[in-house]
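Chains as they are written, first to last, in full-length UniProt numbering: chain A, 1 to 780; chain B, 1 to 292.
Rather than coming from a laboratory, the hints here were simulated on the basis of the structure. Mixed in with the good hints, there may be bad ones.
[What the hints assert, rightly or not] Derived EDC-like pairs: lysine to aspartate or glutamate, alpha-carbon spacing no greater than 16 Å straight-line:
#1 A:761 to B:190
#2 B:26 to A:763
#3 A:416 to B:190
#4 A:585 to B:233
#5 A:764 to B:22
#6 B:180 to A:763
#7 A:594 to A:425
#8 A:604 to A:552
#9 A:761 to B:290
#10 A:761 to B:22
#11 B:101 to B:127
#12 A:764 to B:21
#13 A:594 to B:190
#14 B:216 to B:127
#15 B:180 to A:484
#16 A:416 to B:193
#17 A:467 to A:484
#18 A:764 to B:24
#19 A:761 to B:193
#20 B:180 to A:689
#21 B:180 to A:754
#22 B:26 to A:689
#23 B:145 to A:752
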Amino acid sequence: MKKTLSFLAMLFVCLCAMAEPLDDNRKPVISGYIKDAQTGEMLVGATVFLRENQSGVTTNTYGFYSLAATPGDYTLAIAFLGYRTIEKKINHSKDQSLNVSLEPDVAELSEIQVTAERAQDRIAAPQMGMQKLQAKTIKEVPALMGEVDAIKVIQLLPGVQAASEGSSGFSVRGGNPDQNLILLDEAIVYNAGHMMGFFSVFNNDAIKDVNLYKGDIPAKNGGRLASLLDIRMKDGNNQKFSGTGGIGTISSRLTLEGPIVNEKTQFVLAGRRTYADLFLPFASKERAQDSKLYFYDLNAKVSHTFSDRDRVFISAYLGRDVFGTEGIEMDFGNQTLTARWNHVFSPVLFSNLTLTGSQYDYHWNISMNDASGFDWKSELNDYSAKLDFNYYPNTNNQVTFGVQSIRHNVMPGLVKGTGTSSMYDEIRVPDTHAWEHAAYIENTQKISERINLRYGLRVSEFQNIGKGTHYSYDNNYEVTDTTEYASGNIFNTYWGLEPRAGITYVLTPTASIKGSYSRTYQYMQLASNSTSGTPLDVWYPSSPNVKPQIADQFAVGFFKNIFNNTVEMSIEGFYKNMQNSIDFKDYPNLLLNKFMEGELRFGKSIAYGAEFLARFNLHKWNGWVSYTLSRSERQINGINNNKWYLSPYDHPHDCSVVVNYSHSKRVSYSANWVYLTGAPATFPVGRFESGGNIVPIYSDRNAERMPDYHRLDLSATIRGKEKPGRKWQGEWVFSLYNAYAQHNAWIINFVEDEENPGITKAEKTYLFTFVPAVTYNFKF
Amino acid sequence: MKQQYLYIASIVALLITACNEDIDLKLNSSARRLVVESFITTDTMRQSVRLTFSGDYFNNQPMPAVTGAAVILRADGDELSLTEDNQHPGYYFTPDDFFGKQGVTYQLLVNNVDANNDGTPETYQAESTMPLRFPGDSIQIGFQKNWNLWKVMLFANDPANVENYYAFSVSRNDSLLTSKISDYEQADDEFFDGNDIDGVWVFGLKNNDEQYKLRKGDKVTLDVMNINETFFDYLNAIDTETSSRNPLFSGAPANVPGNISNGALGIFTTYAISSLSTINTKTKEEWLKELE
Chain A
1 MKKTLSFLAM
11 LFVCLCAMAE
21 PLDDNRKPVI
31 SGYIKDAQTG
41 EMLVGATVFL
51 RENQSGVTTN
61 TYGFYSLAAT
71 PGDYTLAIAF
81 LGYRTIEKKI
91 NHSKDQSLNV
101 SLEPDVAELS
111 EIQVTAERAQ
121 DRIAAPQMGM
131 QKLQAKTIKE
141 VPALMGEVDA
151 IKVIQLLPGV
161 QAASEGSSGF
171 SVRGGNPDQN
181 LILLDEAIVY
191 NAGHMMGFFS
201 VFNNDAIKDV
211 NLYKGDIPAK
221 NGGRLASLLD
231 IRMKDGNNQK
241 FSGTGGIGTI
251 SSRLTLEGPI
261 VNEKTQFVLA
271 GRRTYADLFL
281 PFASKERAQD
291 SKLYFYDLNA
301 KVSHTFSDRD
311 RVFISAYLGR
321 DVFGTEGIEM
331 DFGNQTLTAR
341 WNHVFSPVLF
351 SNLTLTGSQY
361 DYHWNISMND
371 ASGFDWKSEL
381 NDYSAKLDFN
391 YYPNTNNQVT
401 FGVQSIRHNV
411 MPGLVKGTGT
421 SSMYDEIRVP
431 DTHAWEHAAY
441 IENTQKISER
451 INLRYGLRVS
461 EFQNIGKGTH
471 YSYDNNYEVT
481 DTTEYASGNI
491 FNTYWGLEPR
501 AGITYVLTPT
511 ASIKGSYSRT
521 YQYMQLASNS
531 TSGTPLDVWY
541 PSSPNVKPQI
551 ADQFAVGFFK
561 NIFNNTVEMS
571 IEGFYKNMQN
581 SIDFKDYPNL
591 LLNKFMEGEL
601 RFGKSIAYGA
611 EFLARFNLHK
621 WNGWVSYTLS
631 RSERQINGIN
641 NNKWYLSPYD
651 HPHDCSVVVN
661 YSHSKRVSYS
671 ANWVYLTGAP
681 ATFPVGRFES
691 GGNIVPIYSD
701 RNAERMPDYH
711 RLDLSATIRG
721 KEKPGRKWQG
731 EWVFSLYNAY
741 AQHNAWIINF
751 VEDEENPGIT
761 KAEKTYLFTF
771 VPAVTYNFKF
Chain B
1 MKQQYLYIAS
11 IVALLITACN
21 EDIDLKLNSS
31 ARRLVVESFI
41 TTDTMRQSVR
51 LTFSGDYFNN
61 QPMPAVTGAA
71 VILRADGDEL
81 SLTEDNQHPG
91 YYFTPDDFFG
101 KQGVTYQLLV
111 NNVDANNDGT
121 PETYQAESTM
131 PLRFPGDSIQ
141 IGFQKNWNLW
151 KVMLFANDPA
161 NVENYYAFSV
171 SRNDSLLTSK
181 ISDYEQADDE
191 FFDGNDIDGV
201 WVFGLKNNDE
211 QYKLRKGDKV
221 TLDVMNINET
231 FFDYLNAIDT
241 ETSSRNPLFS
251 GAPANVPGNI
261 SNGALGIFTT
271 YAISSLSTIN
281 TKTKEEWLKE
291 LE
């Protein structure tokens, strides 16, 4: 342990030594920030390019860039999709700071922009399996009940599927939903769903952009096998006070943003609340009238620019679901807090210190005025610190390095009987505490005009720490021994080397081939046996009984732009091999069970497939077509007689089409269509009678399939006339989810006919036929 | 805490307007297996072992009875050969004066059954220990207004420092309301070991269902069964496999775990039984008045 810590300390010292390079011989550097001219919002991924020597760089997640060049006269071009490109003649002799503001390109009708990177960057960057979505893009896709939802749009990308109909849980490349790292301003969001997962916790009005990395995760992030979903909140408008909002079918939203005192400080405040409960008093059933049913979200962010060298951001999220009816009440939600400090040590060294806290908790209470009433709580708290550096040593290298530590504290469950005559003892599943440390370094290097490399290493370490209780199990998963560890006592350590690498070979300016390899470790996972999960699921850490999950992913791809970069195509193939995979024994007891680890079964899994994506961005038409052919399988000891079986997220064919048509400046139409092979299922192959019941005998695990899934959604947006001098802009959005009312099976149940005992039948449950919704959005 | 899940499930039902429709599915079939069903209790009566075969899931016929088997019950070194009854094919009976004894381990042997049709009869066995009997103190009737349910509440004392498993069934005027074992309620004492139980809600009888509603003067009987862990797990599994699933709460379907050897299905179990009765003294309206 001491060794590991000292290793980390050493690495850190080395990195810091690099941080202030004493190299006086380096070329002078142009550095600064690229912003939106109207809002002051930092532009992430904008291209800064020197025409004369064809070298360029993209802005980092804080809009910062640094570009070295030999002294001379240059034409500096700055481009960002959806903005007017700026060209500046510069005389370059020594280090200089240059902040540039870009004007949004209003003439452009295109709305959907899956990537904001310049077309050529997409071809050349040694990064695969990555997609970027802007809030604007997300808004254009027809939404269930009109609730614009980033995660539902993510599910339309190749290799990504909803965990089940309407769910905000998602599976990436056949992985489990808990294998996705979801970050909101760098704080981990542990449960991204509202209302049983039908809506995600991300209020689109507060979001700047969303980046999804499918397995090929940069070295600066880790802790999950399948993907990184990196969601960034808006910084806020520092030019003028403005607002956006909407009145929808099930919720209303309002976002305010603007400068505080002057343009150095800005804020965003966004809120959303559903009002389904306001209609409950009209429900016919007495029970419904006493019910509570709502959720809300609050996002807040303040940032301050001290100087070009120092900026501070503080952002917070608070969301909660509340529902209840007489005698039962439940509420749950996430809270995150992020504080960040950007510091520019020198024109070639940018640093960011991030402190985050995140919490997920739920609470429910049953009080039926009898002895069985109780009060149940579960809570997870994370605290993390991360120091990240971007180092630009010369034109051809960009280095990212840093260190990170996360403290996990989990209270899996605490139940107290309520009432004076309670029959229950206090039940407390022992809390767990753990440290997750990491140090990483990664370089993106331009080897030649044709070859770009990205290579990095992440070293991760995981420690179980007291106060804690460890249960030993025998081969039959029966507890044999209990060990208590005192507070602060580190009783188990795992560590792993996680290499990440990518290579691009540029064939022509519009075509390239890429390859990548990444190894990822996962130390925290969700105790959920169902496909879409519930708010009651509890996260549990690796431990002496639970080895960390490990994934190795290999990918190759061909990238090609055609028709003057208006159509971007890619084909990516991947093969993912996972060790220490976890599944649950039959009839597992996952809640309130201190011996939960005895319900786990371990094995291995693989996933492989090919993903095709064509994105088009034509004059009036834009959108994308995606198709995925894939397979995901597991072999877990103690499940399915140790034979291989399909993962519940195996969908061999997955096709999505998203189309947006701008009829005029005021009217646009959108449609999306999804087709998925039905999810694997376990169906009866026989029956027997017992105690008056007809009991099914099942096939092997997941040996059968549900019917195929398909759905069409439509929407139309009609904007109000723009009048000179009027700030208020409104638009109506009419949407129709599942337009041709496909009865997609949410679940298939095998039941005994109520009228004819002894007669069995298959019955499918479907959730949504067609769901129309109207939303009015406004801006001022 | 199974009941609490049902509450949550009903809230979910409020949230989403799910619809059901029948679908045609072609299912595979599996090899025929022996099914044993035997519940030996502490009551003095003619007790039985029922033998049937399994069948295809959509084979909507009564399950074929297994006749001509040799069924033997063993306990404390004694052996009892059960007799087949032509009136009830598939049933094998003990004498009328038979009762299970607390703390005794019973063994069941079944011979001369050729489930897999290979011409060679197989042998099956199972064993079960009769738990000790812990009768409750009394029951009371109550009414839950918003759910429109009659409550059957139990007062009892759970013995300390032993793992106890309970199952409950309920009768109205001596006619059983829990006709299937999936209608039973079951509980283990993990969360209330050794505690006084002052009126735990065991059954809720729907007031708007003639089959279950209580009238003034009705006699209500609660059977308290002290069961063993195997049967407890079996009952939980039967509950899961005979109720509706949904992707939020339900895991993968699994075969109900039994305790018969050689790949046979079903269960051979023993339980101690005691009955508590009371008379319902109020109408619904009187209850509501009292609750106010």
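A quick look at each hint next to the structure:
no.: 1; hint: A:761 to B:190; verdict: 37 Å, violated
no.: 2; hint: B:26 to A:763; verdict: 13 Å, holds
no.: 3; hint: A:416 to B:190; verdict: 14 Å, holds
no.: 4; hint: A:585 to B:233; verdict: 14 Å, holds
no.: 5; hint: A:764 to B:22; verdict: 6 Å, holds
no.: 6; hint: B:180 to A:763; verdict: 22 Å, violated
no.: 7; hint: A:594 to A:425; verdict: 15 Å, holds
no.: 8; hint: A:604 to A:552; verdict: 12 Å, holds
no.: 9; hint: A:761 to B:290; verdict: 45 Å, violated
no.: 10; hint: A:761 to B:22; verdict: 7 Å, holds
no.: 11; hint: B:101 to B:127; verdict: 14 Å, holds
no.: 12; hint: A:764 to B:21; verdict: 6 Å, holds
no.: 13; hint: A:594 to B:190; verdict: 11 Å, holds
no.: 14; hint: B:216 to B:127; verdict: 44 Å, violated
no.: 15; hint: B:180 to A:484; verdict: 45 Å, violated
no.: 16; hint: A:416 to B:193; verdict: 14 Å, holds
no.: 17; hint: A:467 to A:484; verdict: 8 Å, holds
no.: 18; hint: A:764 to B:24; verdict: 10 Å, holds
no.: 19; hint: A:761 to B:193; verdict: 41 Å, violated
no.: 20; hint: B:180 to A:689; verdict: 11 Å, holds
no.: 21; hint: B:180 to A:754; verdict: 14 Å, holds
no.: 22; hint: B:26 to A:689; verdict: 21 Å, violated
no.: 23; hint: B:145 to A:752; verdict: 31 Å, violated
Taken one by one, the earlier hints fail for this structure at numbers 1, 6, 9, 14, 15, 19, 22 and 23, listed in ascending order.
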